[in-house]
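582 is the number of the first residue of the sequence shown in our numbering; add one for each residue after it.
None of these hints come from the bench; they were simulated from the model. Hints are supplied without guarantee of correctness; some may be wrong.
Said to hold, decoys possible - Computed Cβ-Cβ distance ranges for the label pairs, DEER-style: (1) G596 to P682: 34 to 44 Å; (2) R626 to P669: 11 to 21 Å; (3) E657 to S622: 12 to 22 Å.
What the hints assert, rightly or not - Within a straight-line C-alpha distance of at most 25 Å, the following computed SDA-like cross-link-like pairs (lysine to any residue) qualify: (4) K624 to Q691; (5) K668 to F683; (6) K624 to R648; (7) K668 to G607; (8) K624 to Q582; (9) K624 to S695; (10) K624 to S588; (11) K668 to P595; (12) K624 to E657.
C-beta atoms are modelled at their ideal positions from N, C-alpha and C, and glycine is treated no differently.
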Amino acid sequence: QVQLVESGGGLVQPGGSLRLSCAASGFTFSRNAVSWYRQASGKERELVATIPRFGAGTNYPDSVKGRFTVFRDNAENTVYLQMNSLKPEDTAVYYCHADPPFDYWGQGTQVTVSS
Numbered sequence: 582q583v584q585l586v587e588s589g590g591g592l593v594q595p596g597g598s599l600r601l602s603c604a605a606s607g608f609t610f611s612r613n614a615v616s617w618y619r620q621a622s623g624k625e626r627e628l629v630a631t632i633p634r635f636g637a638g639t640n641y642p643d644s645v646k647g648r649f650t651v652f653r654d655n656a657e658n659t660v661y662l663q664m665n666s667l668k669p670e671d672t673a674v675y676y677c678h679a680d681p682p683f684d685y686w687g688q689g690t691q692v693t694v695s696s
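Required output: the full structure, derived from the provided sequences and hints.
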């Protein structure tokens, strides 16, 4: 059974950090790029990071560039999203996605940035 399971979300104060994990099972995770998306309440889903198959050449939108870092451990079938200097506008449900040729989504993990 194919699964992507995100974890690591929670409540953090502005300026704090969180590390999200996306663990895959049921397929070979290392064969594809992986992206992290987020969706804030009432807003469209937004791409926040993409990591290619072998890790080099990551991409970030300006909204998170310099604060978020995506990396992967293919041996552990896991992709991570390190989020630093968090802001209230980073509050959202964060999802990982196994990119083409797959199209798998995790269930999401809530990140809340608030004092």
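Structure versus earlier hints - violations, ascending order:
Hints 3, 5, 7, 8, 12 are the ones this structure does not satisfy, whereas the remaining hints hold.
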